[in-house]
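Trainee: As a plain string of letters, each chain reads:
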Amino acid sequence: MNPKASLLDRESARRNHPGLVRPSIRSRIVTGLVVAALVALALFALARLEFSFTRLGSGLAQLATFLGLMVPPSAGGHAMVFFKSLGETVAIAFLGTLLAAAIALPLGFMAAQGMIGGAVLRFLTRRFSDTVRGIDTLIWALIWINVVGLGPFAGVLAIMTSDIGSFTKLFSEAIEATDRKPAEGVTSTGGNRFHVMRFGVLPQVMPVLISQTLYYFESNTRSATIIGIVGAGGIGLHLAEMIRTYEWDRVAFIILMILATVAIIDFFSSRLRTRLIGSRRAEA
Amino acid sequence: MATAVSRLPESQIAQHIAAYDREQAAKRRSTLIGLAILLMLILLAGNVAEVDPAKFAANIHQLTSYFGRIFFLDNGQFVLTDPAEWFWGWKKWLVHIGDTLLIAYLGTMFGAIGAFFCCFAASSNLARNGTARFVARRVLEFCRTVPELVFALIFVVAFGLGPVPGVLAIAIHTFGALGKLFSEVVENIDMKPVDGAVATGASRWQVIRYAVVPQVLSNFASYALLRFEINVRGASVMGFVGAGGIGQELIEAVRKFYYSDVSAILLLIIATVMVIDLGTERIRHNLIAGEQRR
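Just so you know, the protein sequences line up as chains A and B, in that order. For the first sequence, my numbering assigns the number 1 to the initial residue and increments by one for each residue that follows. For the second sequence, my numbering assigns the number 1 to the initial residue and increments by one for each residue that follows.
Chain A with its partners taken away, still in its complex shape:
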């Protein structure tokens, strides 16, 4: 195509596809209305939630002071206590994730189409998982503290409960996305339903399950750092205490410890994932 022809084409293109060159009035009005509504809602929210420049200004000045006091970070002689609670945090995340994955596996098969049980069981499992997921980990921690008392065990149960909901959903979606042919093959050789699941479905979903579980372990380490705020064990208790008593150098120390731990877990879990699955392909 020579340049001259393409210039001519541009004129005809403009005539034939006006929408591409200049959006229609209607789509412009719609866009304008959506943006205006979003901005109006934001302004209303700012007024309703009592935002003000003086408040933000004085708060930012305070924050700057705190940041100054955070340097240099120091454990103030409590390093051993902090390290022990951090270990507790990691243990909470590890056990909570593992228990949730173990319990969610059969639930995932129940929530997936055509695996265990009928439509009624599937419906019930799905609603159960939705309800459990709708409640934040911190709320579950409050509830479990009533059952097993204050301490890290309540934290394990809280992480487990809220993850059962997420895992059931993720696992059932992975199971439904599997290729049905291996399952049919197992059936054709006389395998029963259990055999179908064990040899026809599980090998296909295992990479997804493993990588999801590892990913949740990492993100649960972050959640486990805060459930101590309500008394469910881990580093959160110390962190909240140090913030409330204005020990900013210790706050900085604990935050840096958390960041380092999450980075280490991230490193090891991605190596483990690669080893178990063979490649990073199945991550999504």
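The set of hints was computed from the structure by calculation and includes no laboratory data.
Restricting the straight-line Cα-Cα distance to at most 25 Å, the calculated cross-link-like pairs of lysine to any residue (SDA-like) are:
1) K55/B x I42/B
2) K55/B x L237/A
3) K180/B x R133/B
4) K91/B x F51/A
5) K256/B x N146/A
6) K180/B x R271/A
7) K169/A x I288/B
8) K169/A x S222/B
9) K180/B x S166/A
10) K256/B x I143/A
11) K27/B x M206/A
12) K55/B x L99/A
13) K169/A x M274/B
Once you have looked at the hints, place chain B on chain A.
Mentor: Chain B alone, transformed into the frame defined by chain A:
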């Protein structure tokens, strides 16, 4: 058919079987070692986290009885017998739920705006130089690794009690999370429009406005909506540390043993989260469908 299958001589079969057994044994062994390590880690973690199955078994009835108790009013009646009494504080609670939604909305909006301006610097194809990219990525990583409740705790001290620290905490966390997702979207764009815009002498922001934004806007909106959904959940517990929203009411009801209030507020939160989930899911499907039609 089976009769037509030719068999290898026994000596060759024996070799293959031996090789197969060796492979299987090696695989079993590594699985067993893996399981043993896992078991040891479980025992260690169980010890550290003070897991006590006996206590769990002895007290599990308290969970069921707790759920039993929260569904009975003070006068011992089942909640459904007197819904008006059960949801006695619905006006107050709905206002708090509304505030919770506004906190999530403002936090998502501020975070998304910040992420929009930061994601181009953090993406590998549009960053101006390696240093800017490194700094942008580390900042985003920091913002999403520190839990939002930790930010909220600090901000409550700095800005005072109320929804303002909640909004800021959610905004910072959202900034970190969306910044990463946005920059990944930007890394996956078609670079031809960018080359075309650069060839016409467009400035950096003109390139972004006319060559990048049209490609990424619907994905950005979709991620922001997903984040809004997550933030509604997050905002529902901001009140636990005094950062506004329905969480304040909930933790008071739990701590003061107002059983039927706990179930009423929990149901309101669950219903709100579900409605928001369904709403955002529909909008996101429309966005994706609109994207595919083009």
